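Protein chains in written order, with the working numbering: chain L, 1 to 420; chain E, 1 to 160.
Hints were generated in silico from the structure; no laboratory data involved. Worth double-checking, as some hints may not be accurate.
[Stated by the list, open to error] Where chain L lies over chain E, by a calculated footprint (3+ residues, C-beta under 8 Å): (1) 21 to 28; (2) 41 to 55; (3) 110 to 116; (4) 124 to 132; (5) 135 to 147.
[Stated by the list, open to error] Computed list of chain E residues with no C-beta within reach of chain L, every gap over 10 Å: (6) Ala-121; (7) Lys-156; (8) Leu-157.
Being a predicted model, the structure only gives us computed values, none of them experimental. Where is the CB? At the ideal position from N, CA and C, for every residue including glycine.
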Amino acid sequence: MGMTFAEKLLAKYAGQKEVVPSQIVTVRPDHLLTHDNTAAIIQKIGPELDEYGIFSKSLSIIALDHVIPAVSEKTATNHKLTREFVKKFKIENFFDVGVGVCHQLVVEKGLALPGKLLLGSDSHTCSYGAIGAFSSGIDRTEAASLILTGETWLKVPSSIKMNLNGKLKPGVYAKDVILHIIGDISASGANYCSVEFHGDVSQFSVDDRFTIANMGVEMGAKNAVFLVDDVTKNYLGSIGVSSSSYDSVFPDSDASYSQELEYSLSEIVPMVACPHTVDNVKPVSELSGLEVQQCLIGTCTNGRLSDLKVAADILKGKTISPNVRLLILPASKDILQKALKEGIIGTLIESGGTLLPPGCGPCLGAHQGALAPGEKCLSTSNRNFKGRMGCKDAEIYLASPATVAASALNGKVTDPGEVV
Amino acid sequence: MKVWRYGDNIDTDMLFPGKYVYTCSTAEEIKPHLLEDLDPSFSKDVKEGDIILAGKNFGCGSSREQPVVGLKAVGIWAVVAESFARIFYRASINQGLILIECPEAVKAYSDGDDIELDVDAGKIIVAGKPFSFPKLPPEIIAIRDAGGLLEYTRSKLKNR
Chain L
1 MGMTFAEKLL
11 AKYAGQKEVV
21 PSQIVTVRPD
31 HLLTHDNTAA
41 IIQKIGPELD
51 EYGIFSKSLS
61 IIALDHVIPA
71 VSEKTATNHK
81 LTREFVKKFK
91 IENFFDVGVG
101 VCHQLVVEKG
111 LALPGKLLLG
121 SDSHTCSYGA
131 IGAFSSGIDR
141 TEAASLILTG
151 ETWLKVPSSI
161 KMNLNGKLKP
171 GVYAKDVILH
181 IIGDISASGA
191 NYCSVEFHGD
201 VSQFSVDDRF
211 TIANMGVEMG
221 AKNAVFLVDD
231 VTKNYLGSIG
241 VSSSSYDSVF
251 PDSDASYSQE
261 LEYSLSEIVP
271 MVACPHTVDN
281 VKPVSELSGL
291 EVQQCLIGTC
301 TNGRLSDLKV
311 AADILKGKTI
321 SPNVRLLILP
331 ASKDILQKAL
341 KEGIIGTLIE
351 SGGTLLPPGC
361 GPCLGAHQGA
371 LAPGEKCLST
381 SNRNFKGRMG
391 CKDAEIYLAS
401 PATVAASALN
411 GKVTDPGEVV
Chain E
1 MKVWRYGDNI
11 DTDMLFPGKY
21 VYTCSTAEEI
31 KPHLLEDLDP
41 SFSKDVKEGD
51 IILAGKNFGC
61 GSSREQPVVG
71 LKAVGIWAVV
81 AESFARIFYR
91 ASINQGLILI
101 ECPEAVKAYS
111 DGDDIELDVD
121 AGKIIVAGKP
131 FSFPKLPPEI
141 IAIRDAGGLL
151 EYTRSKLKNR
């Protein structure tokens, strides 16, 4: 019997010839991602760190990104504890405040490679399926245990094959595709499953794939993966990773899937996820005219150069509505620098945008860009849960960078097709 | 014993708001904010031995350990749901919080019904009607029996 991507990869890491769904395997991931939660994680295992040390200084990837710069003595102290840990144990991959969102950095710095296994104490760790890695979120305690032992257990997931066929219409983006899929399958439709994207995927850049894989967890997926192709290889080549440095994993042609789903890309229209669940999606046209007070373009979901460029193309030479705050949140410093050089940031600021430091920003509701009761935010981020941006009586709507930029111009939800 | 009843897709922000994630990590810091945006009465009135009964996809969203630590600390006996999100499920194993996935039992429950629970036997009785749920695999029971993942890891390190 053939194996899926997840089965093949987990068999490799479990040192077994074959594994089957529901089997429990013991694995040693290539990397473990932690972020601002690192301080809380290492505080759980203080005596053990003193006695046994860490498993490996190359295992951890640590990025300070969630609440940056620190907003309080408490968060500043957490950052300080993290830096001290990094120094003491000579952690090889550490990214301090301002370098970027952890998930962007893992991909951008070539730390996630095809065929690799990465775990992280953040639910959007599933993003690295964009370049053909198996990656999945875990909790803080498991991260603490991994720091000490380097190993954990995983249940082999069953796999869902999603065939993305046809070509997207102009003005429709990867974000619309994943919102459409989540709306179809529901917020729990892929629970515990590995999702493989097949079909006409060569039209999707690594940036697009990142957006789609990033939101895999919003349908409950354990991981979500695009198989390695020329798009992946060219991207990795562009960041200095040669194809000899990774070993791609592909599913067998006779692999067995728990579900096969077909999506016709040409039929997808710009979508919005409405409060308070990500699967509550509607076409932009149905919400047209809904007033919003804050617009956010960025985060790990849509804060890449191509996303900022789409927004800048819409906003160039225009001014946003006086009733809207437009927040710009590049996913990394590297992206910010490129966007500065290309004049993208200048355009966004001239149109009325406010630039935030590369990080998670308003997405988690702990600082920058919190909402007031009764306010509505249209955001390119990945979650619209009640209270997510700091206020339970506010509403969050999710859409593509093009839809958010077009809506910022009008102060109302607007189909990007209307302004270009 | 009180049964706290909630619906589908109870996400991690409802269980414990993101704004407290980097300021609260101990059980005492977490408790007052448990389910704050979902049910403000919960943290005030919850008692040792209470049960949470919920719909599909309980605990979806972030990797957020605080709700698990908090529910365990206030003495929630078990969370019974139609289904759970996977990171929440793993976190609960690691903290020793009992989760029971049994859609039939959830659907059979009406307000005021008695619930009896035998975790090791994989049995839940709602208003006299028995339902079974799959037992955990031995690898997972070993973590639970050790008192949670950190205890399990500590004993593994000691015996290495």
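Q: Just pull the numbers of the violated hints for me, sorted ascending.
A: Result: hints 2, 3, 4, 7, 8 break, sorted rising.
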